[in-house]
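Fit chains B, C and D with the ligands to the known structure of chain A by using the hints.
Top line first, the protein sequences correspond to chains A, B, C and D. First residue of the first sequence? That's 1 in the working numbering, and the numbers climb one at a time after it. First residue of the second sequence? That's 1001 in the working numbering, and the numbers climb one at a time after it. First residue of the third sequence? That's 2001 in the working numbering, and the numbers climb one at a time after it. First residue of the fourth sequence? That's 3001 in the working numbering, and the numbers climb one at a time after it.
Just so you know, the hints here were simulated from the structure itself, not pulled from any lab data. In this text the structure is predicted, and so the values were computed from the model without any measurement. Don't take every hint at face value.
[Stated by the list, open to error] Derived BS3-like pairs (lysine-lysine); straight-line CA-CA distance at most 30 Å:
id: 1; chain 1: C; residue 1: K2106; chain 2: D; residue 2: K3106
id: 2; chain 1: D; residue 1: K3106; chain 2: D; residue 2: K3089
id: 3; chain 1: D; residue 1: K3089; chain 2: C; residue 2: K2106
id: 4; chain 1: D; residue 1: K3089; chain 2: D; residue 2: K3144
id: 5; chain 1: D; residue 1: K3106; chain 2: C; residue 2: K2089
id: 6; chain 1: C; residue 1: K2089; chain 2: C; residue 2: K2106
id: 7; chain 1: C; residue 1: K2144; chain 2: C; residue 2: K2089
[Unchecked claim] Non-contacting residues of chain A with respect to chain C, defined by C-beta distances greater than 12 Å in every case (computed):
id: 8; residue: R88
id: 9; residue: G97
id: 10; residue: V98
id: 11; residue: P148
id: 12; residue: V150
id: 13; residue: A152
id: 14; residue: A156
id: 15; residue: R159
id: 16; residue: T175
id: 17; residue: Q237
id: 18; residue: E292
id: 19; residue: V299
id: 20; residue: D300
id: 21; residue: G303
Ideal Cβ placement from N, Cα and C applies to all residues, glycine included.
Below are the chains, spelled out letter by letter.
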Amino acid sequence: MSDATSVDTSVDLGGIPLRNPVLAASGTFGYGTEFSPFLDLRRLGGFVAKSLTLEPRVGNPPPRIAEAPSAMLNAISLENVGVDEFIRTKLPAIPDGVTVIASAFETEIDRYAEVCARLSGVPRIAGLEINASCPHVKSGGIEFGQDPAVLAQLVAAARRATIGPLLVKLSPNVTHIAEMARVCEGEGADGVSLINAVQALEIDTATRRPVLANGLGGLSGPAIRPIALRMVWQAAQAVSIPICGIGGIESADDAIKFLLAGATAVQVGTANYLRPAIGGEIADGMAAYAREHACERLVDLVGKLELPSR
Amino acid sequence: MSDATSVDTSVDLGGIPLRNPVLAASGTFGYGTEFSPFLDLRRLGGFVAKSLTLEPRVGNPPPRIAEAPSAMLNAISLENVGVDEFIRTKLPAIPDGVTVIASAFETEIDRYAEVCARLSGVPRIAGLEINASCPHVKSGGIEFGQDPAVLAQLVAAARRATIGPLLVKLSPNVTHIAEMARVCEGEGADGVSLINAVQALEIDTATRRPVLANGLGGLSGPAIRPIALRMVWQAAQAVSIPICGIGGIESADDAIKFLLAGATAVQVGTANYLRPAIGGEIADGMAAYAREHACERLVDLVGKLELPSR
Amino acid sequence: MFPMWGGESLHAPVRAIADVLANDAEGESSRRMQLRVPDFPGFAPGQFAMLSAGPLMAARRTDPLLPRPMAIYRAIDAPGGSAVEILYKITGRGTSLLAETRPGQKVSIVGPLGRAFPHPEPGERVLIVAGGTGIASVFDLAAKLRSSNQLSVLLGSRTAGDLMAVEDFESLGIRLQIATDDGSRGARGQVTDLLSAALESAESTRVFTCGPTQMMHRCAQICAAADVPCIAALENHMACGFGVCLGCAAPLVRGGYALVCRDGPAFDAALIDWERLP
Amino acid sequence: MFPMWGGESLHAPVRAIADVLANDAEGESSRRMQLRVPDFPGFAPGQFAMLSAGPLMAARRTDPLLPRPMAIYRAIDAPGGSAVEILYKITGRGTSLLAETRPGQKVSIVGPLGRAFPHPEPGERVLIVAGGTGIASVFDLAAKLRSSNQLSVLLGSRTAGDLMAVEDFESLGIRLQIATDDGSRGARGQVTDLLSAALESAESTRVFTCGPTQMMHRCAQICAAADVPCIAALENHMACGFGVCLGCAAPLVRGGYALVCRDGPAFDAALIDWERLP
Ligand SMILES: Cc1cc2nc3c(=O)[nH]c(=O)nc-3n(C[C@H](O)[C@H](O)[C@H](O)COP(=O)(O)OP(=O)(O)OC[C@H]3O[C@@H](n4cnc5c(N)ncnc54)[C@H](O)[C@@H]3O)c2cc1C
Ligand SMILES: Cc1cc2nc3c(=O)[nH]c(=O)nc-3n(C[C@H](O)[C@H](O)[C@H](O)COP(=O)(O)OP(=O)(O)OC[C@H]3O[C@@H](n4cnc5c(N)ncnc54)[C@H](O)[C@@H]3O)c2cc1C
Ligand SMILES: Cc1cc2nc3c(=O)[nH]c(=O)nc-3n(C[C@H](O)[C@H](O)[C@H](O)COP(=O)(O)O)c2cc1C
Ligand SMILES: Cc1cc2nc3c(=O)[nH]c(=O)nc-3n(C[C@H](O)[C@H](O)[C@H](O)COP(=O)(O)O)c2cc1C
Ligand code: FES
Ligand code: FES
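Chain A with its partners taken away, still in its complex shape:
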């Protein structure tokens, strides 16, 4: 099988048909068009747009980003143009044939539901992802995705608000990720995306302050990949809805690891900053891996991790 076309790279992510399993992650791909100079967006399976709130939101004061070993920290807060502006100006600017997933975030459940409702049924939006996990928004400190009961209410409310495909993006800052995935499945989510950035702190010993003006931030990039891979595998053991794997992916080999662990698709985040065309390169690389391993459909790799025989 030496011919690219001979590998079927398409996957179905909870009712969202993707031409290949590689999505760009929310908050790392803007509203899509920023990347048009670097790659044909149609090379991606699609992308998840920056998380949207009911009203436009201004972000945190700087510094908002810092570097950590094999990682970056961010405390952007949820700066975004707001759901209506997104639908009016951002969405129409996205080239045809690009699969767009909208991401919703809010500070109260009914507002979450309202954002979902406004995004629901909008042509061009293939599905919704609710971000239950932003590690640096101070909603009383604790995240929606950290409490099973709260998460259940959130998912139920979002489920009522939209008929389309609904993904829930989980927080990694939990004891039992599998339990959180089960809650989402139980409340009718069509899939779960994990992981979001890991809550972290970096300190400047010269100023004796956090390097981020916000204090805490979210850790992302290669450093968190082994943690993400573990959580995706744990979630895959617990639920039958599809999983979108996220965390430190920077190569096709990394993406294949997530499929083997049980993910149906993946999202590339921080790596987009370093190599804006990386999503397309990873999609090509995954097809190449499939060819080399005489695997006709990428979906056949999902969950194929061989566990220690003990």
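Chains B, C and D with the ligands in isolation, oriented as in the chain A frame:
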């Protein structure tokens, strides 16, 4: 203050007097003497010996270690010589004047208590650390340190078993680290040590197997430092017993960050493999930092992180 | 939402693998790097690029992770494709890694990014005030304005060894003044003192500045007092360089933030809330 | 708990910062690195060192994190302090990073580590069978035994370009045979076939082997069948190199594990549970 002696580096870690705040972490410093060729062990505040079980234990099959971005994974399991052999042969071999903390691990609470009892009151042992957090021992998957109720029983049992200083080493694989620290304080622990390695998974796409024979492993090294720093800070907000900060420390600057976040002392782990004398270098560097910042006692830095004024 | 700058229609950026042609010492603490970048688009003074070495060395490594923003110092001629020059100061891990790369090795470049400096009126008197790493950001501007405007360039640094590009500025045959904190080259003191002196003449003037935040802030204050328009090119930390990470936010006087990489790096200094800029 | 090897009283290891004197191509896929290490202790054949470049380059980086175990190929003369030579094959990130270091740069070295090979009886016939990276681990042994024992060295690799140190072995003036999978140098086939042939003579013989696990396993089987003692030097992954991380465990036939860095790297091949060795 240009003279080293003018900085008071001593700290009191829950009743364990330390000449400086730098300890070597359990499992990364063997039984101490392995490092004698590389540094005078008295340059350290002390070290925590490899975790001990009632009987000698054989470890996991290889591969037991792997590399990850700015980190390593391990699944050693708790290979150790057993508590009695430690007391009979290992302890006496440790040079005088070296502060030794013994670490206890078991699979059942009463066995934990028995290990603590045998270590309790042994001359040369300055205190105990109970490892409630080994991320890769399959005690039904979930760790002692992941369930507040189980943790409470464990700490209570250990507390009854020893009159000496008792530290509890917490698992990072939890939703609310502060709650776990509070449990330990409530049950009479003299201090908490955090964090242990973060549960993680790495996969070899060529074999489609985990790289570690055990499957899951513990992630350690610089990659986890920002997560550890966050957890230490959160625990410091919640308890008044001293905290021993652990996770990716590889320089005096890193160690100072942990003090600022609220740690009274620190433990250096993985970095001991790369630079066997690093503990001594870090202790010297912390004194130098204090001098440069006209700080007469290192303890004065504990918890001095200035938070964003909002 | 934000005042438009610059007349020129800018080229779309590319991501390319550049060949390191040279990477030589420039002064005591800086380097001059020459990069061959096949088909690198045209760029305007004030634009920058994101550079990173690590991910491309033979031993693919992920630390340090992020690329570093660097002004495009100038275009140069090189056999086999367009080439650009970058002048950078070794301040930390990222630039140290860049400094380790040898001719024959490769670095990743994304650019040109950001907007151009605005055009002053032809003939208008222009003062360029730059310090530290900021010196590299204004050379191309000075080269472009030397013929069209009456130009003075004021350069500052802690000490002579920290200066970069002085010979290049001299070769432009423009009015050049230097100030160092220790007086090891030019006048002893702050470059901003030179600015104050230069503004005493009554002529209508436009000021461009780039350098440490303190220095630019001081320039902005002096210009405001003298009622002289001041354009400042900011140097915030960046992760992406093209407007998606939202990491490079600069606080505005009227509230809210501008993105240095997308809306700048050059701004009307009067719009920036300097107190809240990191 | 474990049979003692080697007669010599070994020196305690040190951790030192070594100056890279040379780091040149050796064959097509390997490098020969010369390191000046002031006061490096004496070492015995079979001992190794842990090397790492990253943490010491100007841009202190943490990825790749772990040092890599390398046999101490031999001691060499160098101006200003003791020096050692390391021959390494570029297989992945760690060795690629080592390969990037230039003369004048520094690397971290911890050693000498592990135990020496055991001494064969003087006069005893000795066969050394090495392949791939294992070739570097046996040169010093061969050099030491050439005069005291009747020695034959059998080297193998996939192809001629992957061989290292052949000229050095030739210069020892010993019996040397080579096998490559593709026949590009010496006999076509496995080095273990040469071993089988060599063992047909009835002489009492002792075999030393180092190389890929498959190759060593095959050697062990051939020697067991011929009732010839076989010493194998293992090459497990390592984090520390001195017995504290417990990462280098080699499974034993009688159950349990030995630590390759502390109890080896050389073992009686009959003790190793080859099936369970990674
Ligand atoms: C648009 C733009 C153009 C630039 N052009 C040039 C140029 O042409 N030549 C040049 O030498 N530099 C230039 N800089 C600055 C350059 O990007 C930084 O010096 C570089 O990122 C430092 O990286 P590092 O890893 O060496 O230092 P780090 O290890 O990242 O940091 C070293 C120290 O410097 C501080 N620091 C690092 N980067 C910045 C920054 N951007 N702002 C404020 N503090 C910082 C860090 O906080 C730390 O204390 C430019 C910056 C921008 C935004
Ligand atoms: C005691 C000892 C002495 C050694 N002496 C030498 C020597 O003199 N010259 C030399 O070239 N090599 C020697 N080796 C092997 C050398 O340590 C490895 O080749 C090196 O660690 C590979 O590192 P890397 O980062 O380049 O490869 P990695 O990126 O770590 O790995 C590249 C590939 O090789 C595999 N691999 C890496 N290391 C090992 C290993 N130790 N065992 C099995 N598979 C591995 C990995 O799984 C991966 O598939 C020795 C090993 C030991 C234990
Ligand atoms: C600067 C930045 C901004 C982010 N913003 C969002 C966001 O708005 N919504 C969201 O769900 N995730 C957001 N994320 C998280 C990423 O989508 C992703 O889950 C995380 O970065 C882990 O993936 P990575 O390691 O590939 O970056 C953001 C991440 C970064 C680095
Ligand atoms: C190989 C290895 C073995 C370890 N064994 C133990 C152990 O026996 N008991 C324990 O409490 N922690 C053990 N740890 C965890 C360390 O003590 C430390 O908590 C962790 O590695 C994080 O610190 P670091 O990033 O500095 O390594 C081990 C860590 C490693 C890498
Ligand atoms: S650097 Fe990413 S938005 Fe400006
Ligand atoms: S390498 Fe650490 S114990 Fe052998």
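Assertion that A/V98 lies outside the chain C interface [Cβ separation over 12 Å]:
Consistent with the label, A/V98 stays out of reach of chain C, its closest Cβ about 16 Å off (over 12 Å).
With a cut-off of 30 Å on the C-alpha distance, tell me whether C/K2106 and D/K3106 pass.
Answer holds: C/K2106 to D/K3106 is near 22 Å, not above 30 Å.
With 12 Å as the threshold, tell me whether A/R88 passes as away from chain C on beta-carbon distances.
Correct as stated: the minimum Cβ-Cβ distance to chain C is 15 Å, above 12 Å.
Can you confirm whether the C-alpha distance between D/K3089 and D/K3144 stays at or below 30 Å?
holds (23 Å)
Does C/K2106 lie within 30 Å of C/K2089 when you go C-alpha to C-alpha?
Holds. C/K2089 to C/K2106 sits at ~19 Å (cutoff 30 Å).
Satisfaction of hint between D/K3089 and D/K3106, Cα-Cα up to 30 Å
holds (19 Å)
What's the verdict on D/K3089 and C/K2106, does the C-alpha distance respect the 30 Å limit or exceed it?
holds (23 Å)
Over 12 Å from every CB of chain C: does A/D300 meet that, or does the non-interface label fail?
holds (28 Å)
Compute the least Cβ-Cβ separation between A/A156 and chain C, then decide whether it is above 12 Å.
At about 31 Å from chain C, A/A156 clears the 12 Å cut-off, so the statement holds.
Separation of A/G97 from chain C, once the least beta-carbon distance is taken, above 12 Å
holds (20 Å)
Please confirm whether A/P148 is truly not at the interface, meaning its C-beta sits more than 12 Å away from all C-beta atoms of chain C.
The claim stands: A/P148 keeps its Cβ more than 12 Å from every Cβ of chain C (closest is about 31 Å).
Once the closest CB in chain C is found, is it more than 12 Å from A/A152?
holds (31 Å)
Violation of the numbered hints given earlier is absent; every hint is satisfied by the structure.
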